[in-house]
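Peer 1: For reference, the chains in residue letters:
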Amino acid sequence: MSALVESRASKRAKAVALWLATFLLMAVICLPGLWVVLSAFRLNREILAKPPVWVPEVLTLLNFGKIFGWGEQQIGIPVGAYFTNSLIIALTSTFIALAIGMAGGYAFARYRFRGKAALFLGLMLFRAVPGIALSLPLFMMWSKLGLINTKAGLIIVYVSLNVPFTIWLIDGFFRQIPLALSEAAQVDGCTRWQAFWKIEFPLARSGIASAGVFAFLTSWNEFALASQLTRSTASKTLPVGLLDFTAQFTIDWAGMCALAVIIIIPALILTFIVQKHLIAGLTFGGVKG
Amino acid sequence: MIRALTTRRAETVPLLLLAPALITMLFVVALPLVFSLWTSLTPYQLTKPQTLYTFVGLRNYIRILSDPAFWIPFGRTVLFLTIALNLEFAIGLGIALLINKITWGQRSLRTIMMFPMMFSPILVGFQFKFIFNDNIGILNNALQSLGLSDQAIPWLVDAKLAMFSLLFAEIWMSTSVFAILLLAGLFAMPRDPLEAAKVDGCNAFQVFRHITLPFLMPFAYIAMTIRSLDVARAYDIVKVMTGGGPAGRTELLWTLIARTGYDNSKMGLANAMAFVSTLLSILFTYYFYRKLITARRFMGGVQ
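Chains as they are written, first to last, in this note's numbering: chain A, 68 to 356; chain B, 15 to 317.
FYI, nobody ran anything at the bench for these hints, they're computed from the structure.
Some hints could be false.
Said to hold, decoys possible - SDA-like, lysine to any residue: derived pairs with alpha carbons at most 25 Å apart: (1) B:K305 - A:L188; (2) A:K117 - B:N100; (3) A:K343 - B:F69; (4) A:K218 - A:Y178; (5) A:K183 - A:A347; (6) B:K62 - B:F49; (7) A:K218 - A:T300; (8) A:K81 - A:M93; (9) A:K343 - B:K62; (10) B:K62 - B:Y75; (11) A:K265 - B:I126; (12) A:K265 - A:Y178; (13) A:K343 - A:L246; (14) A:K117 - B:N149; (15) A:K343 - A:L158; (16) B:K305 - A:G189; (17) A:K343 - B:V290; (18) A:K343 - A:P333; (19) A:K343 - A:C97; (20) B:K115 - A:A84; (21) B:K212 - A:S77; (22) A:K343 - B:R121; (23) A:K81 - B:W118; (24) A:K218 - B:A44; (25) B:K280 - B:L79; (26) A:K211 - B:L112; (27) B:K280 - B:Y301; (28) A:K183 - A:M93; (29) B:K115 - B:I126; (30) A:K218 - A:L158; (31) A:K183 - B:S122; (32) A:K183 - B:T125; (33) B:K305 - A:R181; (34) A:K218 - A:M208; (35) A:K343 - B:F201; (36) A:K81 - B:S122; (37) A:K265 - B:L31; (38) B:K174 - B:N147; (39) A:K218 - B:L175.
The shape of chain A in the complex, shown without the other chains (with noise of 0.2 Å):
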């Protein structure tokens, strides 16, 4: 009888364990997060405030209106250009690498030819190069060809650099679709392009967009290559423009925080949205075989 009731308090002692661990990790996970979001809303002076004040006496849209120019405050920092800048380019080189890594994909997950297995460890390599190292020579290039400091100078290389990953999670979809199914479209007298549109491409629609959202969040967030080959409003993008702030005297850290908040938003809703699908890929793509 004692044995079982000291089974059931140990047992209540592990869940309670168990909680207040789970409580932790979400605290270490969420809380800065959440104070640069709070911060976002403080006036700077709050912010800088010696002895710390802990509650925030207003919260104001104060910063966000500074940094887009729109209040009687402004800054002197065009983040209105460098949000269309991100925009463009990060939606732009999605779209073509999703082109190009849909052919491929599909290419990897339904042919046999020769020298498969290296060629797709090749992509993966050329993935790994740090990006500070290919901005050395690419920031030459570009310079020749007068690239630099041009969203099309930035949209080529984001392509290359989702290609790889995009061919990866793609290739893991279509292996999830039985080759059958579009055996059967093709024995009832449809192309294999047919059969590819009208049955493989909608079953992995749902991949291909959370792969979409990935290459998108890559280029949304990359930094290394954008603040070498971009200078001006013509082509910087947010994570440059986020340096901007510290290249001054004082740091505005509301101001900063308000950007990180423009920054982390799209990321946050994205992610929502594909989170299931994004493992799947992984987990399942590529090095089958």
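Based on the hints, put chain B in the right spot on chain A.
Peer 2: Coordinates of chain B only, in the frame set by chain A:
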């Protein structure tokens, strides 16, 4: 003869499909790497364009390989990555086992887990620069308000503390890659071997050591491969948080490359360093990729 013809025709389709990918990679990665290799064999400086055509052989390589100013950041980078990757694996495994145990709200927890992975590294750097700031950072403010410390701790100014802060940011950002993939592994795990082991009298640790862990290894190697593809993202974090300072004490290979190439405009030297760092990254990735293939083969198509 006919057979050979059909296989050849069968091979043109996939190669055609792969052509755009190959052309992009050749133009934007392979060609620049060749150019980078050539530049690394010249004393090229941005301020003296004609130096691009002076061939000096391996002089740049000999110079960096005999220079402690290169080896110290190099060693620091390797150490940084070793500590970060091992801790990320260990913590990620712990988190995966923890979330696997939880039945209520598991899905939400998993979603939250993924968020740091999607943060821009530059944002992670900024976030922790803000938190670790010695003057206005929440960490020092909290420690002082709670009376745990009577003076501001120089998190990003003291060399050792700065390394710790950088590691913390790096691990915060990337542990979820391991956690998510290992959790996917735990979900995919068949129940039968576990039951059988328990019937045969294995204790919890033995089950974990001999059944769970081997099953999870392919997933760990996927995570390792993905991580080794983008280890250089740590550059962004260091660039924002410390800029390689104080006095070069947190300089990693990548910040050294940027400083040599862009700030000092010694492109030849910087390209030599970049080539060494590229080889390092490729070796890392190749190693884990091979491991992944072997582990998969060893599992014999379980999944």
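Peer 1: Which hint numbers does the structure go against, in order from smallest to largest?
Peer 2: 2, 3, 4, 9, 11, 17, 26, 27, 28, 31, 32 and 39
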